[in-house]
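**Q** Take these sequences, add in the hints, and give me the full structure.
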Amino acid sequence: MDLVVDPTTEKPEERAVQIEETVGNVHVDNPRMRAENVQVHYGDKHAIQNVTIDIGANEVVAFIGPSGCGKSTFLRCLNRMNDTIDICRVDGRIELDGKDIYDPSVDVVPLRARVGMVFQKPNPFPKSIYDNVAYGPRIHGLCDSKAELDEVVEQSLTKAGLWEEVKDRLDQPGTGLSGGQQQRLCIARAIAVSPEVILMDEPCSALDPIATAKIEELIHELSSQFTIVIVTHSMQQAARVSHRTAYFHLGRLVEVGPTKQIFTSPQHSLTQDYITGRFG
Amino acid sequence: MTKAMMTPQEAAQRVQQSVNKRYAAERRFQLIGKLAIATALGFLVILMSTIVSKGVPGFFQHYIQLDVTLDAELLDPRGDASVDSLFDGNPRKVLQQAVYAETGASGRKGKKEAFKLVSSGAQDRLRAMILDNPNLLGTTQRIWFAVDDDVDSFLRGYIKRETPESDRRLSDRQIGFIDELQAQGKIEYQLSDYLFSGSASRNAEMAGVKGAVVGSILTLTITLLLAFPIGVATAVYLEEFAPKNRLTEIIEVNINNLAAVPSVVFGILGLAVFIGFFGFQRSLPLVGGFVLALMTLPTIIISSRAALKAVPPSIRDAALGMGASRVQVITHHVLPLAMPGMLTGTIIGMAQALGETAPLLMIGMVAFIVDTPTSFVDPGTVLPVQIFMWADFAERMYVAKTSAAILILLTFLIVMNALAVVLRKKFERRW
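Taken in order, these protein sequences are the chains called A and B. Heads up, the first sequence is in this note's numbering, so the first residue is 754 and it goes up one at a time. Heads up, the second sequence is in this note's numbering, so the first residue is 8 and it goes up one at a time.
Derived from the structure by calculation, the hints contain no laboratory data. No false leads were slipped in.
Result set (EDC-like, lysine to aspartate or glutamate): computed pairs, CA atoms no more than 20 angstroms apart in a straight line:
#1 A:Lys880 <-> B:Asp324
#2 B:Lys116 <-> B:Glu172
#3 B:Lys123 <-> B:Glu195
#4 A:Lys912 <-> A:Glu812
#5 B:Lys316 <-> A:Asp839
#6 B:Lys217 <-> B:Asp399
#7 A:Lys874 <-> A:Glu969
#8 B:Lys118 <-> B:Glu187
#9 A:Lys874 <-> B:Asp324
#10 B:Lys251 <-> A:Asp839
#11 B:Lys251 <-> A:Asp797
#12 B:Lys167 <-> B:Glu120
#13 B:Lys251 <-> A:Asp836
#14 A:Lys920 <-> A:Glu904
#15 B:Lys118 <-> B:Asp186
#16 B:Lys433 <-> A:Asp924
#17 B:Lys119 <-> B:Glu172
#18 A:Lys920 <-> A:Glu907
#19 B:Lys116 <-> B:Glu187
#20 B:Lys116 <-> B:Asp179
#21 B:Lys167 <-> B:Glu187
**A** Written out as structure tokens, the structure reads:
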């Protein structure tokens, strides 16, 4: 039995809380991705301990938790972005449509085409808006003709709610857009390769409230087509956009449940403390 | 009992005092900085003004005007105006006639001294003229020839009239000729064409930088072709692919050390490896290029790695997140963004290589080579080595020529550095 001590409290012995098993139902009926007993080590640091969770098709799952709790790390495991970090080691099993993505036979390039990612800071390429969106289809060879590519670019930008704003200046640099537009451009870029899952790592943390509202609306619309996993620091955002919420604490998944339930009647005392603002 | 706290008035007063002290310290600090800059600028101004004031006269030299009767029989004995025929000819005689006519020199000694006023390069010039245009044969032309370097030095005032004749390189009679020609306006101070079209020469008035400039270009071409691709490839591999372990650490430390190795060491290496082991000839621009490439590589690798490091990780993440392979991330995103930095480093490295003398001395590029090299395996020299050699020569005229060559070298360096700045500004992108 592990004891987890929360460092934010004044009297650690009082707050030593058992996290043995995740509270709530981690499984769903039609999972798109399944994580089983995932462990992540950064060198000697045990960053993620024993996380098991299903991510259902066409569902928006929010990961919340205090800084450094491992939610972003876990998110990056889902499309193997952690591969680029030498000292990072991932154990356990993560499946996409029933196939282990860490299996040696799995090529990470097509995997990332199926599991797209949107980052915290908008990071459009220093290329034109068109080239930003067309990049994915181009490198994966999705389109045979220029007309087809034009079509994909328009559709992606339309889905990202950006088409009307940029259709007259597709040849201008993506970096010249406003922060919110840049982030929607990044979302358009991610959906241009028609992924199954989109991972979003605090996509609104660098944006103003109006841009944030637009992105949230967009997430809501996209959920009809894509499975979305979003990491957020804003509990209101989690409450607004997600169907299910998972609460991480010090590398462990403490509680998973329907968003409404997590925010109204959390089962675990840590979850309760976090969402009521006692720490975090 | 604790001491009573100071009143706000007291505190304000003390703050005021300490503020004054702080301001004084700041002014002192700024003053020291300004003095340092002023000193540096002062030295730069002195350096530049010396070089320019000494170098500008090097771009000019004195020419003498002669009416030359281009006697066909003497110049072209076979009558076919071919190269062979012209070399069989006797331009010396033709020139002598022109000089004697102009100066009115008589007697064996007088004629000899009169003919010495004209540069020995005049015969070659005459031959080249006729080769260019055989129609001139048989006509009389008014041609400017360079004067001998002693005459030039006299005209510039380095050889004094007051010096006793026995200690002077010009005789009284020669000075008489010069005075007369000058009075007739037949000696003029003109822009030197030998400086740009001539090569190394023992005759100061015929010496030029052409051979050295061509040698420098050939050498730097080899350096660029080798150092840029190898340097960039090394930087990309070390920065993007190599695992971080003991071995790569050692390689990294050694590259940084190599950048600080005295350049002459690279020359010794080149001598041992390329000439000693591989048996290349000495003085080849090819070998010079190899040696300078070795010397430039650390600079290029270090600046390229810095440029690669400066590419924000968010761009790599974005491309990786789209499913780009590592090579695609590098070729599509990282390299284009890092290229301005890499080019800047390369140009600065090339500028270093252009100004390098010591390693090239080691591989024999200091040899006295009159012909302009026509290929990478034609013996040649380079501009800084040419300057080094001229600075060693005794003739007074080489002082001006040396400074002129330094000005030419500086011009190349400034152009290259300006190019680096322009490239950086032009391709600098925001992200």
